[in-house]
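K.L.:
Listed here are the chains, written in short residue letters.
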Amino acid sequence: MGRYVIRRLLQMIPVFFGTTLLIFLMVNVMGDPVAGLCGDRQCDPATAARLRAEFGLDKPVWQQYATYMGNVFTGDFGTAFNGQKVTELMGTAFPVTVRLTVVAVVFEIVIGISLGVLTGLRRGRPADTGVLLVTLVVISVPTFVTGLLLQLLLGVKWGVVRPAVSSAATVDELLVPGLVLASVSLAYVTRLTRTSVAENARADYVRTAVAKGLPRRRVVSRHLLRNSLIPVVTFIGTDVGALMGGAIVTERIFNIHGVGFQLYQGIVRQSSQTVVGFVTVLVLVFLLANLIVDLLYAVLDPRIRYA
Amino acid sequence: MPEPHYDPDAAISAAGAGGATDLAMDEGETLEKGPGGGPPGPDPAGRPRSLWSDAWRDLRRNPVFVVSGLVIVFLVVISLWPSLIASGNPLHCDLGRAQEGSRPGHPFGFDGQGCDVYTRTVYGARTSVTVGVCSTLGVALLGSVLGGLAGFFGGSWDALLSRITDVFFGIPVVLGGLVFLSVITSTTVWPVIGFIVLLGWPQIARIARGSVITAKQNDYVQAARALGASNARMLLRHVAPNAVAPVIVVATIALGTYISLEATLSFLGVGLRPPAVSWGIDISAASSYVRNAPHMLLWPAGALAVTVLAFIMLGDAVRDALDPKLR
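Listed in order, the protein sequences are those of chains R and E. To get the working numbering, take the position in the first sequence, counting from 1, and add 44. To get the working numbering, take the position in the second sequence, counting from 1, and add 7.
None of these hints come from the bench; they were simulated from the model. Do not take every clue at face value.
Ranges between beta-carbon positions, derived for each pair [what the hints assert, rightly or not]: (1) R:Tyr48 / E:Ile92: 56 to 66 angstroms; (2) R:Arg51 / E:Val84: 47 to 57 angstroms; (3) E:Gly235 / R:Arg52: 35 to 45 angstroms; (4) E:Leu243 / R:Gly174: 18 to 28 angstroms; (5) R:Glu132 / E:Ile191: 23 to 33 angstroms; (6) R:Arg52 / E:Trp164: 17 to 27 angstroms; (7) E:Trp164 / R:Asp345: 24 to 34 angstroms.
None of these values were measured; they are calculated from a predicted model. Where a beta carbon is used, it is the ideal one built from N, C-alpha and C, also for glycine.
All chains should be built: construct the whole structure from the sequences, respecting the hints.
P.N.:
Structural data, given as structure tokens:
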């Protein structure tokens, strides 16, 4: 197990550098990093040249990347277009997005798994077919359409919730956005749980448990669920990283000032430091989530042995 | 593609089984079917049925396939000849009629600029279908060639490809789109398609690689090798036909997600840009008028949802047909 962890950590290194390099190249080669520094006007050539020299943008790209990564590892993510430290922006943005992600994951676990278990145990019945159809529709409707429709219905027409989230972004304000963010993954969790439960319900150990007279509730919760949830846990784990990256659309619709908002601002204002910094952290989160899921897998399923 | 909400696990593992089914009938050989694995009988031509004709027979009887297929045929027809059902010009707008509701001759009403919502919704299909079909073709070609070669030859190219796909999987797709497309100000669909192909091919490459590895271990490939077949012949004649099913399944489902991705990017303002006609642009514009004129939002959003649903359901039906194990 120890050797496996070390090997996985070593494998993460090239992926981390590859991904950040790709983003770095996209931002710095395709865009003009100094364009955003003169406000809405074009920089005059002399100022632009001075700024380039000041930020080291006249050096080759690989050298810029090396310098940037060196700074990142000492905790310096640079400054945003308005002179704020990128780390300060992260300090305000990440707690909001983490809250939103947690709300979304809770929805996935509670609604997704319960629907999945219910339908998996009633395979082929009307309830099962109905839920399957609904999940298919939820998967097909893009998140931004779901978000706008829910905002229109709950926020504007019926006035159940406030259509926009305040800057405090408390958990109760994030319930609807969290549901929107979770919607597609929720449908996948439901389908995955359903398939897994239906498959395991035919397994020998379940028949044994029933045959030895255990109550149905105990068979389901102790025997069936423990084995059926392994793929679901891995899906939810990898989804955490994806949700944080995908929150950009949800945050845009509900005006939540989280990671997505800051990134969007960074892109609109052409503040390359903000964009690269936030994306770097998101990539790290994504890689770590995947690592944890892989390790969790071994704990959950003792049949898997890592050399 | 690190499409956050597309879970390929089910599709891949399910489709994986389809790839191993024998398809060698085109060589005129009679093939012994395993006990219970054989089809009920030969079709009228006297040849045993292949995976494909079996799948086609199942598909024709599947109402989901028929309905989604009809919707897709309709979408393709109106994206080729939108003037068949919409006589107006999507760019002809009359500010005086902005936000008006349904009128005779203008069933969906008018948008915030006074453009006819019906005409724009019909013309928007062309964008979505073009983006979906072209991106899927690009992704499938690039992904299956690179992934297939990696799976077949293995070695250092395989190791390198695995690392490259890892890198691409690490980039959240909407985020990558914002960064990549924000500097391009073209009003055509090609930058968006290029971006989707760039970020999408690793997904197909992984699947193609896996299914080629499964297929190349089959006895008939070893037999071909023993008979002195060249690599090219083994790959094209024996491995590719048996490995292509999972790729087709995943690509069909991905087509729907690419359409949805284009709309999402256009909604965020970086995909297509006006004056291009796209459901994403229209939905984005409509979202500021939601209070007064919800019809502006509902029609393009509904069209988008139906289109994506049709492609995803088609993919689902194709998967069921190509993978008999699931039933």
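K.L.:
Return holds or violated for the Cβ distance of Arg52 (chain R) and Trp164 (chain E) against the range 17 to 27 angstroms.
P.N.:
With a Cβ separation near 23 angstroms, Arg52 (chain R) and Trp164 (chain E) satisfy 17 to 27 angstroms, so the hint holds.
K.L.:
With 35 to 45 angstroms as the target window, see if Gly235 (chain E) and Arg52 (chain R) comply at their CB atoms.
P.N.:
42 angstroms, holds
K.L.:
Quick check on a hinted range of 18 to 28 angstroms for Leu243 (chain E) and Gly174 (chain R), using CB atoms only.
P.N.:
45 angstroms, violated
K.L.:
For the hint 24 to 34 angstroms, verify it against the beta carbon of Trp164 (chain E) and that of Asp345 (chain R).
P.N.:
Holds - the Cβ-Cβ distance for Trp164 (chain E) and Asp345 (chain R), about 32 angstroms, lies within 24 to 34 angstroms.
K.L.:
State, for the Cβ atoms of Tyr48 (chain R) and Ile92 (chain E), whether the hinted interval 56 to 66 angstroms holds or is violated.
P.N.:
With a Cβ separation near 60 angstroms, Tyr48 (chain R) and Ile92 (chain E) satisfy 56 to 66 angstroms, so the hint holds.
K.L.:
Please check whether Arg51 (chain R) and Val84 (chain E) have a Cβ separation lying inside 47 to 57 angstroms.
P.N.:
54 angstroms, holds
K.L.:
Is it true that the C-beta distance of Glu132 (chain R) to Ile191 (chain E) lies inside 23 to 33 angstroms, as the hint says?
P.N.:
This hint holds: roughly 31 angstroms between Cβ atoms.
The structure shown violates just one earlier hint, number 4.
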